[in-house]
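My request is simple: use the sequences and hints to build the entire structure.
Protein chains: 8
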Amino acid sequence: MKKIILKKIKDFKTGKLSEKELFLFLQNFPFSNDPHLKLDFHRKLRRGIPEVIFGQGKSVEQLRRIVKKFTEVGEEMLITRVDVERYAALKNDFSHLKYHAAARIITSDRQAKAVNKGKVLVLSAGASDEKVAEEAYISSLYLGNKTEKEYDVGVACLARVLSLQKKFNGYSVIIAVAGMEGALPSVVAGLTSTPIIAVPTSVGYGSNFGGLSALLSMLNSCAGGISVVNIDNGFGAAYQATLINQKIS
Amino acid sequence: MKKIILKKIKDFKTGKLSEKELFLFLQNFPFSNDPHLKLDFHRKLRRGIPEVIFGQGKSVEQLRRIVKKFTEVGEEMLITRVDVERYAALKNDFSHLKYHAAARIITSDRQAKAVNKGKVLVLSAGASDEKVAEEAYISSLYLGNKTEKEYDVGVACLARVLSLQKKFNGYSVIIAVAGMEGALPSVVAGLTSTPIIAVPTSVGYGSNFGGLSALLSMLNSCAGGISVVNIDNGFGAAYQATLINQKIS
Amino acid sequence: MKKIILKKIKDFKTGKLSEKELFLFLQNFPFSNDPHLKLDFHRKLRRGIPEVIFGQGKSVEQLRRIVKKFTEVGEEMLITRVDVERYAALKNDFSHLKYHAAARIITSDRQAKAVNKGKVLVLSAGASDEKVAEEAYISSLYLGNKTEKEYDVGVACLARVLSLQKKFNGYSVIIAVAGMEGALPSVVAGLTSTPIIAVPTSVGYGSNFGGLSALLSMLNSCAGGISVVNIDNGFGAAYQATLINQKIS
Amino acid sequence: MKKIILKKIKDFKTGKLSEKELFLFLQNFPFSNDPHLKLDFHRKLRRGIPEVIFGQGKSVEQLRRIVKKFTEVGEEMLITRVDVERYAALKNDFSHLKYHAAARIITSDRQAKAVNKGKVLVLSAGASDEKVAEEAYISSLYLGNKTEKEYDVGVACLARVLSLQKKFNGYSVIIAVAGMEGALPSVVAGLTSTPIIAVPTSVGYGSNFGGLSALLSMLNSCAGGISVVNIDNGFGAAYQATLINQKIS
Amino acid sequence: MKKIILKKIKDFKTGKLSEKELFLFLQNFPFSNDPHLKLDFHRKLRRGIPEVIFGQGKSVEQLRRIVKKFTEVGEEMLITRVDVERYAALKNDFSHLKYHAAARIITSDRQAKAVNKGKVLVLSAGASDEKVAEEAYISSLYLGNKTEKEYDVGVACLARVLSLQKKFNGYSVIIAVAGMEGALPSVVAGLTSTPIIAVPTSVGYGSNFGGLSALLSMLNSCAGGISVVNIDNGFGAAYQATLINQKIS
Amino acid sequence: MKKIILKKIKDFKTGKLSEKELFLFLQNFPFSNDPHLKLDFHRKLRRGIPEVIFGQGKSVEQLRRIVKKFTEVGEEMLITRVDVERYAALKNDFSHLKYHAAARIITSDRQAKAVNKGKVLVLSAGASDEKVAEEAYISSLYLGNKTEKEYDVGVACLARVLSLQKKFNGYSVIIAVAGMEGALPSVVAGLTSTPIIAVPTSVGYGSNFGGLSALLSMLNSCAGGISVVNIDNGFGAAYQATLINQKIS
Amino acid sequence: MKKIILKKIKDFKTGKLSEKELFLFLQNFPFSNDPHLKLDFHRKLRRGIPEVIFGQGKSVEQLRRIVKKFTEVGEEMLITRVDVERYAALKNDFSHLKYHAAARIITSDRQAKAVNKGKVLVLSAGASDEKVAEEAYISSLYLGNKTEKEYDVGVACLARVLSLQKKFNGYSVIIAVAGMEGALPSVVAGLTSTPIIAVPTSVGYGSNFGGLSALLSMLNSCAGGISVVNIDNGFGAAYQATLINQKIS
Amino acid sequence: MKKIILKKIKDFKTGKLSEKELFLFLQNFPFSNDPHLKLDFHRKLRRGIPEVIFGQGKSVEQLRRIVKKFTEVGEEMLITRVDVERYAALKNDFSHLKYHAAARIITSDRQAKAVNKGKVLVLSAGASDEKVAEEAYISSLYLGNKTEKEYDVGVACLARVLSLQKKFNGYSVIIAVAGMEGALPSVVAGLTSTPIIAVPTSVGYGSNFGGLSALLSMLNSCAGGISVVNIDNGFGAAYQATLINQKIS
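Chains as they are written, first to last, in the numbering used here: chain A, 27 to 275; chain B, 27 to 275; chain C, 27 to 275; chain D, 27 to 275; chain E, 27 to 275; chain F, 27 to 275; chain G, 27 to 275; chain H, 27 to 275.
Some hints here could point you the wrong way.
Computed cross-link-like contacts, DSS-like style, restricted to lysine-lysine with a CA-CA straight-line distance of at most 27 Å [said to hold, decoys possible]:
#1 Lys117(D) / Lys145(D)
#2 Lys145(H) / Lys145(A)
#3 Lys172(D) / Lys143(E)
Just some of the chain A residues that point at chain C, by a computed CB distance under 7 Å [to be verified]:
#4 Ser154
#5 Ser233
#6 Gly236
Read the hints as simulated data drawn from the structure, not as lab findings. Every residue gets a Cβ at the ideal spot worked out from N, C-alpha and C, and that includes glycine.
Below you can see the structure in the form of structure tokens.
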């Protein structure tokens with residue numbers, strides 16, 4: 027996309043394009059003028075990361091319009107929170123889509139390619155946190171990071187965490203996913219100097235209150251080096267990790 | 027007190043006391059008939075633990091009436107949540123009182139005597155939790171338990187907790203006091219088979235919400251063997267530990 | 027399991043095993059190295075209680091992997107929060123499973139055996155609390171405690187509770203299960219010197235807020251000798267009771 | 027006041043007053059036209075209870091204006107939530123005021139006179155609830171009810187409540203004041219067929235959350251025959267009891 | 027039932043029954059000894075109101091056991107919160123049941139009979155509150171009160187409420203049912219001296235938070251003479267109204 | 027409707043109608059006397075806006091009665107929150123209804139006609155907010171306002187908002203619909219002197235808590251000129267905009 | 027200020043100012059370059075309302091710097107939430123300030139001048155809401171609106187509100203200030219077609235929860251034509267009213 | 027400190043120290059054995075950041091003990107949340123302390139030295155957020171980062187933020203501090219590819235609920251690249267920024 031824009035600017039310099047034409051191009055280009063849906067293709071320029079679509083709450087019809095647009099423009103694409111039913115409704119029309127079931131993510135059919143220098147580790151506390159951890163893992167891979175994962179390493183069995191301790195400093199970012207009391211990030215933070223992105227999950231019951239217990243735990247951690255994203259927001263953690271890795275690379 | 031009652035019953039059997047007199051004695055004895063304050067001296071009989079007064083929110087005048095009553099009856103006494111100002115206002119009239127400043131507790135002036143078989147360990151996560159931990163520690167001692175303490179052993183520095191691990195199984199109950207993210211009980215529970223009474227504290231700020239974060243953490247612990255008392259309720263933890271120890275003894 | 031480990035240690039002492047081999051054995055043994063699921067067989071050594079699986083939110087596929095692992099290792103097993111549909115999907119492959127419908131628990135097919143000395147009583151306030159009370163009852167039995175139950179003894183009809191009073195001191199632990207205003211533990215605590223594990227339930231409606239009313243009631247009880255586990259956490263109460271009974275035995 | 031109005035109406039009938047004059051009188055009379063403060067003297071006509079002033083948050087200056095107005099009109103008066111400092115600032119100018127310190131209430135200096143047929147009982151659970159209970163007690167007396175009180179009868183010592191049981195049915199309304207877990211109304215409701223007005227208090231600490239625990243308890247009571255007023259609203263309970271007693275009389 | 031008990035007592039006096047036999051009879055009678063379900067037939071004696079079953083969350087199987095018991099003993103019966111599906115499953119076995127669809131209530135098949143002297147008015151603010159209002163209306167009728175109803179009289183159209191004003195003082199109790207902002211009780215309280223039982227409903231959306239907005243409104247009413255029951259608790263309001271009417275009668 | 031009433035009043039003047047007949051007409055007219063449903067046809071007179079029915083939670087049967095009444099009286103009609111299933115159940119009986127699917131609104135089959143002078147702009151932050159934005163858009167049109175819309179202009183891509191800035195002052199009211207962090211109104215308010223009605227939506231997940239995050243954001247905006255309606259209340263915003271426009275016209 | 031800018035632009039056109047000089051002027055002018063405080067003098071141009079300073083939480087030192095800046099530039103000024111102590115500390119240095127004590131507002135010493143066509147009415151429910159109502163009243167006056175006020179007209183005495191009804195339609199905006207149950211806006215909205223800005227206040231106690239009860243009430247009003255600003259935000263309501271009036275004028 | 031430890035290890039290798047002596051040294055060294063306070067000097071080794079003391083809630087006496095310990099060991103020191111009164115009580119005994127008043131931080135008296143490669147920008151939305159922003163700024167400087175600041179750049183005046191846009195990508199981390207609606211991070215995130223650490227502040231009033239509104243806003247941001255620390259936790263943001271910069275350097 028950068029190429030297209032640079033060419034237009036060159037055309038303007040060489041007189042092929044009038045000032046007014048350039049302006050109109052730029053004004054219209056970055057986002058489609060569909061009155062109901064303005065895709066922000068500009069974002070890749072501004073932030074180094076393609077537009078990602080939050081699939082939750084979107085109808086099959088809305089998703090179809092979005093995928094069509096992306097396909098026309100030839101942009102890469104990452105759609106989160108797509109359950110298998112909506113994916114099934116899309117895959118006939120768009121055969122190039124790839125569905126990551128555990129993570130509930132649709133990507134364009136390409137290999138994830140590590141372009142950043144830093145390395146990300148995704149930790150999850152319990153087997154039930156897997157869905158959110160996978161959203162973080164797949165997102166991180168497809169946003170260009172070398173990414174590894176270690177699941178089910180909750181603090182009720184410290185031996186699991188301690189056995190990983192010596193690896194922690196080798197990563198640039200650790201994404202720590204935990205529900206229930208959400209103590210994993212606190213414990214890991216005490217064992218490493220790698221920054222931690224904590225992801226509370228809504229896993230639990232009773233006074234868990236939809237992830238509130240884990241969220242408050244992580245925000246109140248007595249250990250430094252933890253910052254928090256929204257409940258169940260595996261993608262958001264991967265996104266933040268990517269921005270950090272872009273600074274390193 | 028048991029003695030007094032047994033004597034009365036004996037007197038009744040031997041005819042020294044009529045049925046009506048015995049009834050009146052029993053009805054009036056267990057609690058004073060002060061219309062504003064009914065002290066439950068009966069409780070020691072029923073529960074093996076003397077009446078404890080919750081001092082918070084009570085005026086000096088109310089405390090004075092209570093201490094006077096106890097002194098007359100000759101009962102032992104434990105008053106919690108008494109700040110130093112109210113203690114100062116009481117000590118002239120009742121020279122036999124002993125004030126435990128860090129714990130904000132008044133007891134009658136006697137040595138704490140271990141009568142139970144089990145042993146209690148009071149752990150606190152941070153230096154700021156000391157007030158609550160001391161309330162638990164002094165209460166536990168005066169309720170008849172051998173009691174030890176280790177403070178400032180929060181999870182941000184796991185080495186502190188791990189260095190104590192081998193001692194944990196030697197106690198019958200561990201009282202774990204923690205504010206902020208309240209992760210200490212979860213971590214300790216993973217390292218021992220001793221039951222843990224968790225005490226969340228209101229220490230913290232921001233989304234701590236007066237101890238809510240620690241409370242929810244402890245209730246949602248993924249590790250078994252933790253039960254929880256109210257925020258800042260050091261005395262309540264000691265009380266529960268005492269009942270458990272009475273079962274052991 | 028202890029036997030296997032002791033044998034290895036002996037082998038090491040007698041030279042059959044090198045230091046490195048012993049280390050590797052110990053590092054790998056306690057938990058399976060399945061990257062998605064680390065079962066903590068070590069826990070039985072550390073805490074005297076086998077690994078218990080929290081079944082809620084786990085797929086049939088995840089449960090199948092877990093049961094298979096347990097069956098291979100020959101470990102005992104307790105899986106909570108399994109609805110009848112998921113049990114139905116498992117029972118063909120694993121004929122040795124036993125399903126406790128009211129409690130929604132799967133155990134390996136053996137008789138519950140009382141190995142602890144203390145005795146547990148499970149009380150429930152209303153008929154609607156039965157599900158949670160049964161989770162506590164079955165769990166307590168299978169974790170090795172003599173366990174009895176009395177259901178539907180809520181405080182709106184005090185006669186029910188009072189008729190049980192004289193039995194209360196005969197137990198080492200009372201598990202009191204109640205929804206709505208959760209007053210049962212407060213009342214029972216006033217009648218006995220047995221420690222009470224209170225279990226708030228989400229039974230109720232309106233300002234019950236999913237169990238919050240009962241939870242706050244129990245945490246704020248004016249009667250000593252109550253500690254609380256998470257809303258609907260019948261298993262957690264049984265687990266805590268078991269640890270206490272192990273101290274007695 | 028009824029007299030004044032009836033006289034005016036009579037004057038109108040006999041022609042002493044024109045229709046327009048009567049209208050103006052009625053329009054202006056019921057509430058003073060002070061743009062900042064409209065006292066509702068009409069209320070006594072409509073509801074049988076004089077205007078009561080909620081003193082909390084009102085400045086001495088505002089209170090002075092109110093007392094002056096009442097004194098001019100010759101109306102009876104009940105001002106709640108007046109701390110001793112503000113009372114001290116008022117008493118020089120208005121020597122006829124009577125201050126009920128424990129209840130923090132100002133009344134005009136008259137004897138409380140029972141005009142209703144029903145009888146009210148004010149119960150309080152703990153000594154710390156006294157302030158709120160006294161607000162209910164004094165208010166009930168001055169609103170015209172025979173009123174009795176029994177304080178410090180919380181459920182942690184059931185004997186206290188049970189010893190009162192046989193009296194309960196003798197009252198037309200029971201006002202049950204309790205903080206902490208607020209279980210008193212549930213227990214009393216199970217022992218009587220007298221309707222109960224429950225008053226949660228903010229007495230407590232930690233997860234009491236300013237009276238929320240007692241409020242939710244009372245709203246969620248499994249025992250019928252309880253309705254609830256706002257936290258610490260002793261006056262509101264007395265007011266409701268008065269309306270009920272007016273129906274009986 | 028009273029008859030049975032009086033007969034037994036007489037038998038005891040005349041020697042037909044030994045003391046031990048009487049005791050056993052009384053101990054067992056008031057509630058069935060089904061270990062899972064203790065119906066409190068005693069309650070009618072104590073409170074003048076038959077045992078009412080809260081049907082929500084109870085399985086068809088549990089309901090069947092309850093109805094059977096009631097039928098055997100010949101007691102009247104009121105079961106609330108029974109949806110039409112569960113009723114359908116019961117009606118074949120128990121042809122004498124009567125289902126009140128709008129109120130979701132099952133009663134034994136008899137005419138409601140006004141035995142109390144007071145008269146109850148059920149008001150509802152909006153058409154969507156009908157379900158809760160009907161629960162109050164049918165319950166009040168079957169508990170023995172003359173009961174009338176006026177629905178859809180919310181404050182957004184004051185004319186509706188004002189047109190009813192002159193009737194209000196003719197009732198002994200007004201039950202005011204409202205969701206959303208719950209202002210109806212405040213407005214009605216300003217227009218009458220009849221005590222009001224306010225029932226917040228969960229009708230609404232958004233920041234209604236399941237009835238919290240109406241509940242808080244009603245608790246915080248600036249108008250005296252309102253006491254509140256739980257969200258959607260139409261039955262509870264009728265029960266309280268009945269106790270008040272029994273005092274009048 | 028005004029016509030009917032004016033005619034009646036004229037009839038009264040000319041003697042065709044007695045005073046009593048007029049009174050009865052007026053008393054009965056404004057709202058139907060259906061005991062279960064009082065439609066407020068008077069409202070159009072009082073507020074210039076026809077009665078609007080809140081369709082959520084109403085059964086097909088209730089809706090049918092309402093539509094029938096409106097059709098008989100010949101009134102215009104706007105029913106919100108009607109899902110497509112209930113519309114399908116109504117459309118056979120009432121062929122003149124028009125269904126706006128995206129907005130979930132039923133209107134009588136007429137063209138929306140701009141009668142007010144001011145112009146309304148509906149903004150929405152994300153594609154998922156469309157449902158609520160359409161409710162505002164269709165409602166505003168049918169209540170008589172010239173209305174335009176720009177969707178998917180959230181603050182994560184400021185260029186979208188800034189490209190609209192110069193148009194903002196041309197509207198009399200801007201309705202800003204946003205979920206998640208709800209920052210759109212704050213940003214727009216900083217760019218215009220047009221008053222903004224902010225509509226928080228329940229779109230989001232995790233700590234969104236059903237729209238609470240957007241609601242609090244909008245209430246706490248540091249930019250002046252924002253007032254807020256309930257979560258998801260697109261209709262309410264349109265209603266308020268209409269009242270403002272009526273003042274302008 | 028417009029004059030200064032227009033002059034600079036003219037200077038640029040006539041060559042007195044270079045492009046660079048103009049740019050620098052414009053960049054620096056709208057906000058002072060004080061690194062700690064950027065006053066937005068530009069806002070008057072953009073929004074027609076001068077910068078208003080939120081005084082709460084600002085030190086005397088910060089206020090002094092602000093007043094000095096305003097005085098230098100010669101701008102009008104409105105500072106809200108200044109208690110009398112901080113005003114006292116400022117008035118010696120800035121003799122031209124005018125302090126509105128009841129409203130806690132500082133303005134420059136000028137007469138409020140009605141420049142807008144619409145007229146604003148400030149209503150308050152109770153005498154305790156006066157502080158917030160005065161903040162709205164003074165702000166509205168000084169922002170250029172004809173403004174009137176009627177205080178203490180809460181719904182507990184409907185006669186007060188009804189006596190004002192016929193005036194309501196004469197205003198362009200009504201600001202309705204209420205604490206406790208916050209029912210005033212709902213009732214007023216039912217009586218007029220004037221748009222209402224509702225201001226919840228933190229006046230109350232107990233389950234008022236700092237204004238939450240009134241806030242939720244207002245957001246959930248069943249009457250259309252109400253939009254809400256933050257708790258106690260009298261100024262915000264006046265600001266919104268001003269923007270609406272500017273559209274009318 | 028590393029030096030001391032390396033020397034000990036060397037001594038052990040050369041035989042100056044026995045294995046037991048080394049072990050004892052290591053066990054005791056990292057944290058002082060004061061039973062009430064265990065300072066974690068080890069942390070600098072593990073995490074590259076010296077122990078930081080959270081000063082809030084600590085008494086002067088506790089602070090004195092801490093400063094003394096640090097001074098003896100010769101460690102650098104950073105104590106946050108020390109109000110000027112407690113600083114005044116300390117400064118006589120420890121003349122080498124430096125107090126940063128706006129940030130409420132004590133450091134040892136040295137120059138902040140940038141050792142990391144990345145550069146941090148601290149943004150604050152309003153003048154009232156200064157306290158928290160300064161805590162972040164001073165902490166970041168003293169933890170070794172080049173740090174710059176721009177205050178009072180809230181979204182109500184977008185020009186302020188937009189004028190900084192081109193600088194944003196030049197930083198490795200942006201710390202965005204905002205109270206009220208907390209929209210600043212969302213807007214900044216849309217303008218840059220630098221990761222943002224968002225700090226909600228408790229600045230605001232009413233439905234701000236102690237910072238909850240800003241916290242929820244930031245967690246729910248629709249813009250990627252934001253992670254959040256606790257309310258008012260300026261230090262925590264600086265700490266996280268430091269860990270990120272250490273990865274870059």
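Right, here's what the structure says about each hint:
{"no.": "1", "hint": "Lys117(D) / Lys145(D)", "verdict": "32 Å, violated"}
{"no.": "2", "hint": "Lys145(H) / Lys145(A)", "verdict": "21 Å, holds"}
{"no.": "3", "hint": "Lys172(D) / Lys143(E)", "verdict": "23 Å, holds"}
{"no.": "4", "hint": "Ser154", "verdict": "4 Å, holds"}
{"no.": "5", "hint": "Ser233", "verdict": "5 Å, holds"}
{"no.": "6", "hint": "Gly236", "verdict": "10 Å, violated"}
Hints 1, 6 from the earlier list are contradicted by this structure; the remaining hints agree with it.
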